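Protein chains in written order, with my numbering: chain A, 277 to 416; chain B, 860 to 1232.
Honestly, the hints are just simulated from the structure, not real lab data.
There's no promise every hint is true.
[Said to hold, decoys possible] Below are the SDA-like pairs computed for lysine to any residue, each with C-alpha atoms no more than 25 Å apart in a straight line:
#1 LYS1070(B) with ARG1086(B)
#2 LYS314(A) with TYR1150(B)
#3 LYS314(A) with ALA373(A)
#4 LYS909(B) with LEU318(A)
#5 LYS375(A) with THR361(A)
#6 LYS907(B) with ILE297(A)
[Unchecked claim] Covered stretches of chain B (chain A as the covering partner; in silico rule of three or more C-beta atoms under 8 Å from a C-beta of chain A):
#7 862-873
#8 1067-1077
#9 1166-1179
Here the structure is a predicted model, which means the values were calculated and not measured.
Cβ atoms here follow ideal geometry from the backbone N, Cα and C, with glycine treated the same way.
So the chains spell out like this:
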Amino acid sequence: MATILLEVATPDKGEVFAKDINMLICRSIAGELGILPKHARLLTELVPNAMRIKVDGGETLLFVSGGFMEVTPDKITILADSAETPDDIDIDRAKAAYKRAEERVNVAKSKGDAAIDIGRAEAALARAKARLLVKGVPVD
Amino acid sequence: MANLQHIRRRIRSVKNIQKITNAMDMIARSRFNAAREALLSNIPYVTKTKEIMRRVVGQMRGQEFEHPFLKTRDELIAEQQNANGKFLFIVIASDKGLAGSFSSNVFKSAHDTIEYDGTDDGTSTGDDDEDENFHKKNFDALAAVKPVGQRSQKQQRQMSATGGMARAGAHKGGGGQGGGNIPVAREYHDADYIDGIELITVGRKATTHFKQRGYNIIKSYHGISERPQYKYAKEITDLVMERYASGEIIDVTLIYTRFKSAISCVPDDVTLLPLVTDDFVKAGDTLKEEYIYEPDTVTLLDKFMPRRLATRIYGAMLHSAASELSSRMNAMSNATDNAQELVGRLNLFYNKVRQAGITNEINEIVGGANALE
């Protein structure tokens, strides 16, 4: 089966992921994307999401908290703000963060609280949600 | 004749200093390990950002896509863009001293770059990545874009006022001057020149150094030099971008210390803006392949380019932190060694003095006994 090299780098942890893979499914600001080998050249910005990486029939998940993705026919490079494998994620902390972010978004929406930056709150919620997804916790 | 108590006191004080320098050495050592780790894990990200940026910029230029970020300096100059802007320098040094010549090396390099007058070409750091252009290299081009008429007149006045004080150099005049030789004086006491310069300093040492010399510091960051954080690099980037977009600055140069190895850290200066150097132009000629940009080219560029800038600044901060700590490590272990040597010499001296005293006493006793007989 054809493969494509996927490299994920972050500013603080170096190269988090570097492997030949079969398919990558991720979410950019323009929507969900599936990248197969020999994809056309592409540059896009990613939103916080749980990326699905298909290798040898199996599938692994990787959390990215936004960043940029460049695709060339034989290589995908992701410059992520941060990236975490399921092992890196502390489930209790992720759950707590999710609850907190959810409350903030709700408060901001219902009361129109000026102290809460709704954009930031929603980004935090999206991150928390993606983290939980990577960990395999169902989120409504 | 030195007395014993005096020497004892000196030995004790040297030993105390040695304890302190030794402790500082160990602290620097452990922090250095963390800083080096941080630097090493940052490097892949920086290189990848650079690669992507080269490909993308090359491709976009190949497609003759127009965007302010994609123009080289020559093109910006031709369009007189930001022509009234100032030069911005970002100087990254340390918060604390006791790091040998770390800070002064940075300042030397900074003054070299900032006060460059187009004449001496001795000290340019040559062995660098090919895409990192230097303020110095661009001097002629910059002198051309600055409103040469006004400036040089002012500077000529300044020169006649300061007489031989000002270093005057003739360089090829560009722009509207019709190729005449324009003397340029660039000394830190040259008020006109300082007017055209802005500084962002990282590290308390850098701030005090440049403040004393009358530079215009628009922002300084303290307390982060040993453990840089990305958010500060982002803050600096936002500030720089804002000023660049509003035409207040024409050129951004970053001066920091590049960490090569634990024993070799060299000051380095790189041009941050304009982003595109001649090198990219060449790359653009070779890469004609089509890219897909999502959601669209302008949005993406507006987001990606500041990111590249912040990445570079953050990288430089990490380089600087590792360099600072390794310099401090070296300085402190040298100090400890010196103290050790000094204690040895003082001990020898102490024993000699003590022995001399004993010999003296014996002589006196023997002399006294002889006199009694």
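Outcome of the hint check:
1. Simply put, LYS1070(B) and ARG1086(B) have alpha-carbon atoms about 24 Å apart, close enough for the 25 Å limit, and the pair holds.
2. A C-alpha spacing of about 13 Å is found between LYS314(A) and TYR1150(B), which places the hinted pair at or below 25 Å, so the restraint holds.
3. The straight-line distance between the Cα atoms of LYS314(A) and ALA373(A) is roughly 38 Å, outside the 25 Å bound, and the hint therefore fails.
4. Our distance criterion of 25 Å between C-alpha atoms is met by LYS909(B) and LEU318(A), whose separation comes to about 16 Å.
5. For the suggested pair LYS375(A) and THR361(A), the alpha carbons sit about 21 Å apart, so the restraint of at most 25 Å is met.
6. Taking the CA atoms of LYS907(B) and ILE297(A), the gap is near 19 Å; set against the 25 Å cutoff, the hint holds.
7. Beta-carbon proximity to chain A at under 8 Å applies to 0 residues in the segment 862-873 of chain B; the threshold of 3 is not reached and the given coverage is violated.
8. Here the segment 1067-1077 of chain B counts 0 residues with a CB under 8 Å from a CB of chain A, which misses the bar of 3, and the coverage is violated.
9. With 3 residues bearing a CB less than 8 Å from a CB of chain A, the segment 1166-1179 of chain B meets the requirement of three and the coverage assertion stands.
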